[in-house]
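Colleague: In order, the protein sequences belong to chains A and B. Residue numbering for the first sequence follows this note's numbering, starting at 1 and increasing by one per position. Residue numbering for the second sequence follows this note's numbering, starting at 435 and increasing by one per position.
Calculated from the structure, these hints are not laboratory results. It cannot be assumed that every hint is accurate.
As the list claims (entries may be wrong) - If you want the footprint, here are the derived chain A segments under chain B, 3+ residues with CB under 8 Å:
no.: 1; segment: 11-24
no.: 2; segment: 265-276
Stated by the list, open to error - Pairs of lysine-lysine, BS3-like flavour, derived with a Cα cap of 30 Å:
no.: 3; chain 1: A; residue 1: K265; chain 2: B; residue 2: K717
no.: 4; chain 1: B; residue 1: K543; chain 2: A; residue 2: K13
no.: 5; chain 1: B; residue 1: K560; chain 2: A; residue 2: K13
no.: 6; chain 1: A; residue 1: K265; chain 2: B; residue 2: K681
no.: 7; chain 1: B; residue 1: K655; chain 2: B; residue 2: K717
no.: 8; chain 1: A; residue 1: K89; chain 2: A; residue 2: K129
no.: 9; chain 1: A; residue 1: K146; chain 2: A; residue 2: K89
no.: 10; chain 1: B; residue 1: K543; chain 2: A; residue 2: K19
no.: 11; chain 1: B; residue 1: K681; chain 2: B; residue 2: K655
no.: 12; chain 1: A; residue 1: K13; chain 2: A; residue 2: K345
no.: 13; chain 1: A; residue 1: K146; chain 2: A; residue 2: K19
no.: 14; chain 1: A; residue 1: K313; chain 2: A; residue 2: K104
no.: 15; chain 1: B; residue 1: K560; chain 2: B; residue 2: K543
no.: 16; chain 1: A; residue 1: K19; chain 2: A; residue 2: K309
no.: 17; chain 1: B; residue 1: K674; chain 2: B; residue 2: K717
no.: 18; chain 1: A; residue 1: K19; chain 2: B; residue 2: K560
no.: 19; chain 1: A; residue 1: K146; chain 2: A; residue 2: K102
no.: 20; chain 1: A; residue 1: K129; chain 2: A; residue 2: K309
The C-beta atom is built at its ideal place from N, Cα and C for all residues, glycine as well.
Now for the letters of each chain:
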Amino acid sequence: MSIIMALARKDLKVLFAEKSNLFWVFVFPGMYALFFGAVFSGAGDGPSNMRVVVVDEDGSDFSEAFVSRLRANEALAVLPRADANTPAKPIDRTDALERIRKGKVAAAVIIGEGFGEGFATWFDTSDPKLQIASDPGRQMEGAYLKGLLAQAQFETMGERFGDRDWMRGQMRSWRSEIADANDLGFAQSQVFLSFFDAMDSFLVDVNDNVYASGLDEGMLNIGNLSVSKEQTGESPQEGFQITFPQTILWGILMSVICFAVSIIKERMSGTFARVCIGPIGQSHILAGKGLACFVTSLFVVGMLFAGGKLIFKVQIGSVALFGLAATCTAVCFVGLMMLISTLGKTEESVTGAGMAIIMLMAMFGGAMLPLFVMPSWMQRISHISPVKWGIYAMEGAIWRQFSLAEMLLPCGILLAVGATFFALGVLMLRRARL
Amino acid sequence: MIEVTNLSKRFGAIVAVDDLSFSVQRGETFGLLGPNGAGKTTTISILCGLLRPDGGSVSLAGKTDPMRPEVRASLGVVPQTLALYGEISAQANLEFFGHINGLTGRQLKDRVAACLETAGLTQRHKSRVSTFSGGMKRRLNMVCSLLHDPDILLLDEPTVGVDPQSRNLIFDNIEQLKSQGRTIIYTTHYMEEAERLCDRVAIVDHGKILDLDTVENLMSKHGGPSHIEAEVEQPPANVKDLTQSLKVESLDLDGTMLRFQTPEPMQSLAALNQSGLRFRTIKVETTNLEDVFLNLTGRRLRD
Ligand SMILES: Nc1ncnc2c1ncn2[C@@H]1O[C@H](COP(=O)(O)OP(=O)(O)OP(=O)(O)O)[C@@H](O)[C@H]1O
Ligand SMILES: [Mg+2]
Numbered sequence: 001m002s003i004i005m006a007l008a009r010k011d012l013k014v015l016f017a018e019k020s021n022l023f024w025v026f027v028f029p030g031m032y033a034l035f036f037g038a039v040f041s042g043a044g045d046g047p048s049n050m051r052v053v054v055v056d057e058d059g060s061d062f063s064e065a066f067v068s069r070l071r072a073n074e075a076l077a078v079l080p081r082a083d084a085n086t087p088a089k090p091i092d093r094t095d096a097l098e099r100i101r102k103g104k105v106a107a108a109v110i111i112g113e114g115f116g117e118g119f120a121t122w123f124d125t126s127d128p129k130l131q132i133a134s135d136p137g138r139q140m141e142g143a144y145l146k147g148l149l150a151q152a153q154f155e156t157m158g159e160r161f162g163d164r165d166w167m168r169g170q171m172r173s174w175r176s177e178i179a180d181a182n183d184l185g186f187a188q189s190q191v192f193l194s195f196f197d198a199m200d201s202f203l204v205d206v207n208d209n210v211y212a213s214g215l216d217e218g219m220l221n222i223g224n225l226s227v228s229k230e231q232t233g234e235s236p237q238e239g240f241q242i243t244f245p246q247t248i249l250w251g252i253l254m255s256v257i258c259f260a261v262s263i264i265k266e267r268m269s270g271t272f273a274r275v276c277i278g279p280i281g282q283s284h285i286l287a288g289k290g291l292a293c294f295v296t297s298l299f300v301v302g303m304l305f306a307g308g309k310l311i312f313k314v315q316i317g318s319v320a321l322f323g324l325a326a327t328c329t330a331v332c333f334v335g336l337m338m339l340i341s342t343l344g345k346t347e348e349s350v351t352g353a354g355m356a357i358i359m360l361m362a363m364f365g366g367a368m369l370p371l372f373v374m375p376s377w378m379q380r381i382s383h384i385s386p387v388k389w390g391i392y393a394m395e396g397a398i399w400r401q402f403s404l405a406e407m408l409l410p411c412g413i414l415l416a417v418g419a420t421f422f423a424l425g426v427l428m429l430r431r432a433r434l
Numbered sequence: 435m436i437e438v439t440n441l442s443k444r445f446g447a448i449v450a451v452d453d454l455s456f457s458v459q460r461g462e463t464f465g466l467l468g469p470n471g472a473g474k475t476t477t478i479s480i481l482c483g484l485l486r487p488d489g490g491s492v493s494l495a496g497k498t499d500p501m502r503p504e505v506r507a508s509l510g511v512v513p514q515t516l517a518l519y520g521e522i523s524a525q526a527n528l529e530f531f532g533h534i535n536g537l538t539g540r541q542l543k544d545r546v547a548a549c550l551e552t553a554g555l556t557q558r559h560k561s562r563v564s565t566f567s568g569g570m571k572r573r574l575n576m577v578c579s580l581l582h583d584p585d586i587l588l589l590d591e592p593t594v595g596v597d598p599q600s601r602n603l604i605f606d607n608i609e610q611l612k613s614q615g616r617t618i619i620y621t622t623h624y625m626e627e628a629e630r631l632c633d634r635v636a637i638v639d640h641g642k643i644l645d646l647d648t649v650e651n652l653m654s655k656h657g658g659p660s661h662i663e664a665e666v667e668q669p670p671a672n673v674k675d676l677t678q679s680l681k682v683e684s685l686d687l688d689g690t691m692l693r694f695q696t697p698e699p700m701q702s703l704a705a706l707n708q709s710g711l712r713f714r715t716i717k718v719e720t721t722n723l724e725d726v727f728l729n730l731t732g733r734r735l736r737d
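Bound-form chain A, shown alone:
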C-alpha cells in the first residue's frame, strides 16, 4: 500500500509541476462554470436591467397593475419612466418599435386593447393581447422577457384571486366562454369545468378572512411563484446548479487526459520501465497509476466543490450522494484513462486520440451544453456516453433529489463502464510491454 501511495504522490507532483495541467484541471472547469453558469442563470439573477418599453394600449386597471408589477421587477428597466410624483409619458407602438430597431432597448411589451377584460382573453391564442417585440439579435433576452411577463401576469392574477366577488364573476364568464369555445376538446373543457366547480365550492365554504389569509400564507399563492420553478417539478434553481455537474465532469475529464498523457510520457521516457524493474508486481504498478488518477480526480472534485460552495454558493441537495456520484464518476474515467493511454505510441497520438474521445463523450453527454437544450434524438444518443451518467448522478445529488435507490442506476452504469475500460486498458498495456 505504501508503494501505491508513493506512486500516487509522485504522479501528483509531476502532474502539478506542469502549469498547463493546472490550467486544464482547475481553471478551465472554473471558467466553464462561470461562463455557462451566467448564461443559464434563471430568473433570480438573469441579464440585469434589461431595457424594455411598455406600450399600454389597453389603459385598464388591470393593465396598470400589470405594468407596475413589471416596474417592480429588478431585472427590468421599464420605459417610460415613472415615479411617485411624475406620471409616465406614454410611448406609442411606432416609437417603441423604432427604439428597438436602433438598439436603444432590448424589447417592447405591447399590451393590447382588451387585456384587462378577463382571463379568457389570455387563453385565446388567435388574438394575443400581450405581445413582445424584440431585437432579432437578442433572442435570449426576448425569451427571458417572456418568462418575466408570465411571472408578472401570474402575480397580478394572484392579486385578483384575493377578491372573491371579482373571482365569482370571472368564473361565470369563464364557464360560458368554455362552453362556447369550439377549439377546446371535450376532455380539456371538462378539466376546466371541474376545476371551476371545485373553486366555486371553495369560495362558498370559506369565509372572507380565511380566504384572504389562506392566499397570503401561500396556499394558493401563485403570485410568488418564480418562472423557472413554474416550468417543471424538478428543475435546477439557478444557473450555477445547472452547470456545477458539468464543471465537476470537466475537472475529472481533464485530469484523466493529463494522466493518460503522463502514462505514455513515462513509457517513452523509460521511467515506466524503470519502475517496472523494481521489485514490485505489475498489478501494483497499474493499481498505483489508477489510484493516483483517482486521487487526483477526487482532489480536483474537492477543489471545485469548495470553489462552487464558496464562490458560487451552489446549493448541494445531498453532500453524501454527491460524494458517491463523484466517486463513481471518477472510477469510470480512471478506467477510461487506462484505455486512452494505450491508444497511441507517442504523446501526440495519445493526446489526440484522448481529446477526440473525451470531446465526443462530453458533447453527446451534455458536458458542453446541458442536455435539456438538445433535441430529443440527441438526448437519446446521450445514453451511450458515460459523461451523461456522471452528470445525471451529480444532478441527482444536487437538485434532482434522488434517493439512494435512484442513484444506483447511474452509479452502477459508471462503475461497470469504468471496470470494463480499466480491464481493457490493462490488457492492452500488458500486450504493449511484452
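With the hints as your guide, set chain B with the ligands onto chain A.
Modeller: For chain B with the ligands alone, kept in the frame of chain A given last:
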C-alpha cells in the same frame, strides 16, 4: 551469480539476441561490447524482466525468471535512456525510486543523501531535473539505481554522451562498487572503458557472442601485433642479430629510427634495452579491443 543460457529474442524479422550464453561470477565485472544494434540493451532488458525471451533462460543469484518481482530484489539497473522525472527535483526522483525499492523513513533519507553525494549533486538536490546538464542527468540516472545497494548491477552504457569530467566521476563510482565486491554487467561501445573496468568481455554482434575472454587474452588472440617506433641515440651495429633476438619478422631501420611489430611489446623493449641501445623516444601502439573487433568482424566498432 548470473547464468544466461541459450537466450534468444526476435522482434519480427530482426533477431536481436541469438542463442546467447555466458555466466558471470560473483564479484566479477563483465563487459558486453558491441556496435549499435548488437543486442546489448535487449539482453539487459531480458535480464531484468522487462522482456520475455523467446527461448533460453536466465538465473540471477540462483533464482530463475526475473519476471517474478522477488527475483529482481537484488538487482540494480542503470538504463541506457535517461529514465528520470524531469518535472521534479533530483531529491524527489531519488526518494521515489528509493520507495519503489522498498526503502522508507530514516534509511531512505540517508541513502538519498549518500547517493546525491556520490553523484556530486548535493548542491543541486532541490533543482528540477529538467534544468540539469547532460552529465548531471547521467550521474543521477546512475545513482537512482544504487539506492537499495543491490548485489547485482546491470549498467547499460552509463557514460553515453557525457563530458570527460562526468565520465571520470561515473568510472570512480563503478570502480568503487567493484572493489566492494558487486557483480556487474557493463555494456559499452567504448573499448577503453571495457579495458579499464572489465575482468572479462564478451564481444557481441548481431546478437551473437563472437568471443568471450579476459581483455588480455582477447587482445593476444585477435589483436595482432603492437607497433613500436623507437628513436635511438646510435643506430645498432647488427640489425640481423637484433631482429633474431627480438623474435620479430622484420625490423625497419631509418637513420636512428627503429620500427617493428611484435605481439609482446614489453619483452621486446626490455630486450632492446639489454642489447645496449639508448632510447631518445619510444612510441608503442599496443593492440586494443578496437583491433580485436576489427579482426573478428572485419568492421570497425563505430563507423
Ligand atoms: N522494441 C523493439 N521492437 C523492435 N525492434 C527492436 C526493439 N528493441 C530492439 N529492437 C531491435 O533489436 C536490435 C538490438 O537492439 P538493442 O537495443 O538491443 O541494441 P544495442 O546493442 O543496445 O544497441 P545500442 O548500442 O545502439 O544501444 C536492433 O536491431 C533493434 O532495432
Ligand atoms: Mg543499447
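Colleague: None of the hints should be skipped; say for each whether it holds.
Modeller: Each hint tested on the structure:
no.: 1; hint: 11-24; verdict: holds (count 4)
no.: 2; hint: 265-276; verdict: holds (count 7)
no.: 3; hint: A:K265 with B:K717; verdict: violated (52 Å)
no.: 4; hint: B:K543 with A:K13; verdict: holds (19 Å)
no.: 5; hint: B:K560 with A:K13; verdict: holds (14 Å)
no.: 6; hint: A:K265 with B:K681; verdict: violated (62 Å)
no.: 7; hint: B:K655 with B:K717; verdict: holds (22 Å)
no.: 8; hint: A:K89 with A:K129; verdict: holds (22 Å)
no.: 9; hint: A:K146 with A:K89; verdict: holds (24 Å)
no.: 10; hint: B:K543 with A:K19; verdict: holds (29 Å)
no.: 11; hint: B:K681 with B:K655; verdict: holds (18 Å)
no.: 12; hint: A:K13 with A:K345; verdict: holds (24 Å)
no.: 13; hint: A:K146 with A:K19; verdict: violated (45 Å)
no.: 14; hint: A:K313 with A:K104; verdict: violated (34 Å)
no.: 15; hint: B:K560 with B:K543; verdict: holds (14 Å)
no.: 16; hint: A:K19 with A:K309; verdict: holds (25 Å)
no.: 17; hint: B:K674 with B:K717; verdict: holds (22 Å)
no.: 18; hint: A:K19 with B:K560; verdict: holds (18 Å)
no.: 19; hint: A:K146 with A:K102; verdict: holds (21 Å)
no.: 20; hint: A:K129 with A:K309; verdict: violated (44 Å)
Checked against the numbered hints given earlier, this structure breaks hints 3, 6, 13, 14, 20; the rest are met.
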